[in-house]
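Residue numbers (our numbering), protein chains in the order written: chain A, 4 to 305; chain B, -12 to 504.
Honestly, the hints are just simulated from the structure, not real lab data. Don't be surprised by glycine CBs; every beta carbon is placed ideally from N, CA and C. Worth double-checking, as some hints may not be accurate.
[Claimed, not checked] Derived contacts from chain A toward chain B, CB cut-off under 10 angstroms, selection only:
{"id": "1", "residue": "84"}
{"id": "2", "residue": "256"}
{"id": "3", "residue": "258"}
[Claimed, not checked] Just so you have them, the derived chain B footprint on chain A, three or more residues with Cβ under 8 angstroms:
{"id": "4", "segment": "244 to 252"}
{"id": "5", "segment": "262 to 268"}
Spelled out, the chains give:
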Amino acid sequence: MSVALESIASAVGRRYRALRTSRTLATFCANPLNVAGLSIVTAITIAAVIGPLVAPYDPTTQDLANRLQGPSLAHPFGTDQLGRDMLSRLLYGARLSLGIAVAVTGIRLVLGTAIGLLAGYAGGWIDEALMRLVDIQLAFPGLVLALVIAGILGPSLRNVMLALAVVGWASYARLVRGTVLATKERDFVRAARLMNVSRFRIATRHLLPNVAGPVVVLATLNMGTVILGTAGLSFIGLGAQPPTPEWGTMLADGRHHLRTAWWIANVPGVAIMCTVLGFTLLGDGLRDVLDPNHETTLEKPT
Amino acid sequence: MDTALTRRHLLSAGVGAGIAGLAGCAETSQDADANGSFTIVPTSDPTGTGDSWENWGGMTPYWTRVIEPLVWGTGGMQPQPWLATDWTATDDTTWVFDLREGVTFHNGDEMTADDVVHSFEEDILTERGDFVHGWLHLEPGSVDRIDDYTVSFETTEPFPGFPGTIAHNMIDIQPPEADRRDGDIIGTGPFTLAEMEQGQQLRVERFEDYWGGAPEPTGLTFRAAEDATTRTDLLVAGEVDLIYEPATSRIDGLRERGDVRVETEQSSGSVFVSINIHREPTHDADLRRALNYAISQDEIVTTVLEDIGQPARGPLSSVIDWAADEELPAYERDRDRARDLVSQSSYDGEELTCLVENDMDDGRTLVQILQEEFEKIGVTLDVEVLESASLRDRTDRGEFHLELGTSQSNSPAADYIMWENFHTMGISNKDLYEAEGTGLHNLGGEVDELIETGFQSHDPDEKREAYVAAQREIMDAGVVVPLFYREYVVAADAELEGIDLHPIDKFAQWGELTRTT
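If we strip away everything but chain A, and leave its shape as in the complex, we get:
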């Protein structure tokens, strides 16, 4: 038992030392904006995970006698027009917003990567057909198309997720196809082909790892836009339904109280802004270290 524990501890230690001496990590941390982005995203992720456990109140319980109360010790972010605690709603909303962003980005990533991989590796008429499909999808303005889809399907968070997922996969497909076209002509892929390695294995074991970097960067940058899109659609009533504590809905509730109860709109507004900023900074940082076409440097930016 103790031997097993010792081996685990030593493995963790090795990992930790490797991480500390990692050139990639050093490059990432060299830019304070990257660290800021990572910190914001980490904080929001922690809030989303443990927030509902530490939230002081139920996010939907109304207290009309205490409506529109300003920030105080009892309610650090004040109360809304129905007397609900804004901090609790914000914490529950973080789980919802982040959950949707992860799910939508996940769907886009899987769908886009699969199509891009297939188009790039298969080539010929399959590539042609799939890329025209991508062109058609990219020709539509994303948010407008999402608005139409959500409008047709009816207002709900599930439909907003579907709408946003349907409109955002094309950029992944195009990115992955480009990378696959460049990678499949490299020597190690040719060697694998000569060794009669199956097409599926070449695609998954040799090509896919090479597109992971740019795709992860794109996905991280995408998280922010998905959060913005979800909040936007909920703001106009196509997303979360009352009393769901979704940030866009909270923002919509607060806009008529901007002068008298500024916190109702500003608390979710600032949360949305920070989250999008965090993912954007993190995405930029990841691009610094993961994008093979990008020059890495240990020098601090001037």
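Let chain A serve as the given structure and place chain B on it in line with the hints.
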């Protein structure tokens, strides 16, 4: 002398130019006001959105006072002589109207019976189609000229509410020369249409030959701002003189300002939850009564509405002369009783669907209060906020349990609210009744008979008695959960005088509007 252009010089020049520009704009606006012109912001776009007001070339027939109907409405919601001076029912279905003499159209011609016949036959009954036939109980070919100043109307059935029903801004009189759909509006009102910018604003000018005497203002500008917060900001910034329905949360703040006056008026509208009584489990009267016992109308008015409105006992605003209020059963909030009724009912814990239109004022807030209050008596509510077409589709198919909605009469005769909502052959119920023998909010039987009696009675006492009895039956059976009778708010520059509010907000008169300084 050093003449080099420094950053400070550039900034100073920029600021100076900005201030000069702003001062120029401010002066322009003040000049217009000094001449007796006022800017008003109603709740909806006065130039129409899409095809809203295509019959008037985009100009709203409401508020602008360019066009007029034969009959107006008093503050007590009674028909009032206007372009017609008198009317008589010569038999059950025939009405004879005497026209006012000396009424001049904006093109200088005198209004005669030919113009009235043309307006009804061509513009109203033919162009606007079937819904007008049902609303006015008139068919094409039913309006005749008797002489230059007398017109007769033949209704499709006995309809004592006819004069009050045509007292509506949309039942206007224009001469045949008017190319109304092209924006060439020739009305008889105190103002003439001068200019319209689609989606922005429209301007009307004083009509000196108005039959009621020329109005005080030289002109009015109706500006589009459908968002309550935007309207309020425009007033506070001094860009407009009068707004309808400022943002509820800012009314107290406006009242405290010395430069703004706030007036309220109970309207002919009310807000209530209508229940689908033909769908399980809301077909159970015990459950519907339980929902009524769960709600405190007083609390809603004093909190969310900030005292703008009156707690309601019935589905119709108490400004309507035959609307019942004190005669109706009082469902004071009593959660214990509500829980008992829920347990007696066939409700077994399923989610009830409650629909609300996405642009209904305070709709989201109200529906969340209902959700919370119903939860406390053990009833779960699933809220769906829908845009109007989707909502209508759902209600037409009867696929809902509750709907948060409003009723509002824009004419003194509000009979149609009772008929269309609660009579089996009313617009809400007819299709489902004919297809499936059901409906939505129709109790049928005795209630239908009472509504018919009220609808067809010439005797005000008999009419009121029948309608009150029908409303009592409706409330006894818990067909609706009444919430509040609406009050509307007008906020204006404190220097404005002569604001004449009416229970029908669209009947406002601007003829006496002046500025004190």
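Hint by hint, here is what the structure shows:
1. Against a cut-off of 10 angstroms between C-beta atoms, the interface hint on residue 84(A) holds, since the closest Cβ of chain B lies about 6 angstroms away.
2. Annotation: residue 256(A) was flagged as interfacial toward chain B, and the flag holds, the nearest CB pair being 7 angstroms apart, inside 10 angstroms.
3. Residue-level restraint check for residue 258(A) holds (minimum Cβ-Cβ distance to chain B is 6 angstroms; threshold 10 angstroms).
4. Coverage of the segment 244 to 252 of chain A by chain B holds. Counting CB-CB distances below 8 angstroms, 3 residues qualify, and the rule asks for three or more.
5. With a cut-off of 8 angstroms between beta carbons, the segment 262 to 268 of chain A has 3 residues touching chain B; three or more are needed, and the interface restraint holds.
Hint check: no violations occur; every hint is consistent with the structure.
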